Amino acid sequence: MITREPRYFPPPTDWRGKMGRQVLTTLRDAGRAMLLLAESVWSLRYMMVRRSRQEILQQMVAGGIRSLGVITVVATFTGMILALQTGIEMRRFGQEVYIGGAVMVSMLREMGPFMTGLILAASVGSAIAAQMGTMVVSEEIAALELMSINPIRFLVMPRLVAMAVMTPLLSFYSCIMGVVGGGVVGMTQLGVPWSAYIDNATRFAENKDLFVGMFKAFLFGIIIVITACHQGFATTQGAVGVGNATRRTVILSFLAILIVGYFVTRLFYV
Amino acid sequence: MIQFENVTKFLGGRRVLNGVTFDVRKGETLVVVGPSGTGKSVTLKHMVRLMTPDEGRVVVDGQVVSEASGEHLERIREKFGVLFQGGALLEWLNVGENVALPLREKTQMPEEEIMERVVAKLKLVGLEGDMAKFPSEISGGMRKRVGLARAIIRNPEIILYDEPTSGLDPVSSRTIDQLIDSMRNELGVTSVVVTHDLHSALSIGSRIAMLTGGRVVELADPAEFVRSGQEEVQLFLESQFITRRGEWEKDIR
Numbered sequence: 001m002i003t004r005e006p007r008y009f010p011p012p013t014d015w016r017g018k019m020g021r022q023v024l025t026t027l028r029d030a031g032r033a034m035l036l037l038a039e040s041v042w043s044l045r046y047m048m049v050r051r052s053r054q055e056i057l058q059q060m061v062a063g064g065i066r067s068l069g070v071i072t073v074v075a076t077f078t079g080m081i082l083a084l085q086t087g088i089e090m091r092r093f094g095q096e097v098y099i100g101g102a103v104m105v106s107m108l109r110e111m112g113p114f115m116t117g118l119i120l121a122a123s124v125g126s127a128i129a130a131q132m133g134t135m136v137v138s139e140e141i142a143a144l145e146l147m148s149i150n151p152i153r154f155l156v157m158p159r160l161v162a163m164a165v166m167t168p169l170l171s172f173y174s175c176i177m178g179v180v181g182g183g184v185v186g187m188t189q190l191g192v193p194w195s196a197y198i199d200n201a202t203r204f205a206e207n208k209d210l211f212v213g214m215f216k217a218f219l220f221g222i223i224i225v226i227t228a229c230h231q232g233f234a235t236t237q238g239a240v241g242v243g244n245a246t247r248r249t250v251i252l253s254f255l256a257i258l259i260v261g262y263f264v265t266r267l268f269y270v
Numbered sequence: 001m002i003q004f005e006n007v008t009k010f011l012g013g014r015r016v017l018n019g020v021t022f023d024v025r026k027g028e029t030l031v032v033v034g035p036s037g038t039g040k041s042v043t044l045k046h047m048v049r050l051m052t053p054d055e056g057r058v059v060v061d062g063q064v065v066s067e068a069s070g071e072h073l074e075r076i077r078e079k080f081g082v083l084f085q086g087g088a089l090l091e092w093l094n095v096g097e098n099v100a101l102p103l104r105e106k107t108q109m110p111e112e113e114i115m116e117r118v119v120a121k122l123k124l125v126g127l128e129g130d131m132a133k134f135p136s137e138i139s140g141g142m143r144k145r146v147g148l149a150r151a152i153i154r155n156p157e158i159i160l161y162d163e164p165t166s167g168l169d170p171v172s173s174r175t176i177d178q179l180i181d182s183m184r185n186e187l188g189v190t191s192v193v194v195t196h197d198l199h200s201a202l203s204i205g206s207r208i209a210m211l212t213g214g215r216v217v218e219l220a221d222p223a224e225f226v227r228s229g230q231e232e233v234q235l236f237l238e239s240q241f242i243t244r245r246g247e248w249e250k251d252i253r
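Residue numbers (the numbering used here), protein chains in the order written: chain A, 1 to 270; chain B, 1 to 253.
Honestly, the hints are just simulated from the structure, not real lab data.
Since we're looking at a predicted model, the values are computed, not measured.
Keep in mind that the hints are not guaranteed to be accurate.
Okay, the calculated beta carbon distance ranges per label pair [unchecked claim]: (1) B:Gly-167 - A:Tyr-269: 56 to 66 Å; (2) A:Thr-188 - B:Lys-133: 50 to 60 Å; (3) A:Gly-238 - B:Asp-23: 28 to 38 Å; (4) B:Lys-133 - A:Tyr-262: 49 to 59 Å.
Note that beta-carbon positions come from the ideal geometry of N, C-alpha and C, so glycine has one too.
Isolated chain A (complex conformation):
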């Protein structure tokens, strides 16, 4: 049941009580988010229903295609900065020709999924949280429950599938744009020919880098949707609550992306 009654506990008076409550609240929220994820995964069996297919496609367009512009700009400039910073240092040793490898590996392993995750958390995640929060406040979620329509199957599952597919694709796209941006800087600022840049880029990068990067992006997509829906569904206090849910979604998604990103890197590369 999404529509939960507000539970009341008397406010703690001392710092230990306050800290204890904070820990319990965090654990409770994490548990609820995991339950939401579990129920969403269980709802995947309805993924091929006509209405679900349509909704998934709509969410792919809303969440993915509409983010292409900002991802293009951010990824290109990330690649350009990487190439410039690395190239300036490498030129001191006459090794600037190797910037292709540095940019490609950085983008595939870390920067591509990471930048894509942050952009989608800020744009798509906040939008999902605001929509869910508004639906809670205007009693649309309660109406769905009373019509015996499962809000998780109806709202969360299509967004989860859409983002789990689109985030890796957008991450791959951002890697390409970053590498292209780095190549442009290599040619124009560092005197590295395009063919040498691409040759180095492909020589140093491995398939594993691509797959780990895509896996990270896949996890980031799931994190964004579950965080946004969980925060949206937990909205109370009208318009102020919707604003808080949106803010918390962005902050929590950023933190989760950073932490999960670190552990995935550690898992595959250490």
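Starting from the structure of chain A, add chain B where the hints point.
Same frame as chain A, now just chain B:
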């Protein structure tokens, strides 16, 4: 048909319902009135288990709602249609799609049959020509009428109305009142209406219950209600109409 048995509910450390006991009879329109914050909407939410009582129980057709879950709860909820305060329409679906939603999601009905039923229900609320409009393109009164069409699309036995006339002009309020009346007369449904609009309450109610301080202080038919000796009732009547006891008997159907 619905029994509230000594229902108590705490919210935010405050006792919102305090041993509420009443029943709703089959086919009647029970109007629940009272000042803001006295637990009218909370009472309504208990009927469909959007809230559960801390003490006491709510029984619908012999089944204890507060103990129901899963498919059992789904079957109980199927008896209900609910009109929410703002209509609770999904903004990205048009009027027709909103009304058709419960049928498309919960039944295997063919599309032609769904559309026939949607048109019939929209006709009943006077909106058959507005099927393609989106909720953002219609007025507050129309949103409530669409919400009502959606509430009755699966032919419920009981309709719950949460503040159906709040925020509406007098003409739209009258239209909603007439619709509530026609639902009872034409569809034979049992209705529970939560409102602070005493004008509406007197014109549509078979019985009126007044909630104050989390308790039912009066439960009577409209004629008896305006003559009630309860001080809370008279204060409420006077605060709403700024008039003397009994003068509003002419509004009663």
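Status of the hints after comparison with the structure:
1. At roughly 59 Å, the beta-carbon separation of Gly-167 of chain B and Tyr-269 of chain A lies within the given 56 to 66 Å, and the hint holds.
2. Taken as a hint, the range 50 to 60 Å holds for the pair Thr-188 of chain A and Lys-133 of chain B, whose Cβ atoms sit roughly 55 Å apart.
3. Our hint of 28 to 38 Å for Gly-238 of chain A and Asp-23 of chain B holds, since their Cβ atoms are close to 34 Å apart.
4. The supplied range of 49 to 59 Å is met by Lys-133 of chain B and Tyr-262 of chain A, whose beta-carbon atoms lie about 50 Å from each other.
Of the hints listed earlier, there is not a single one the structure fails to meet.
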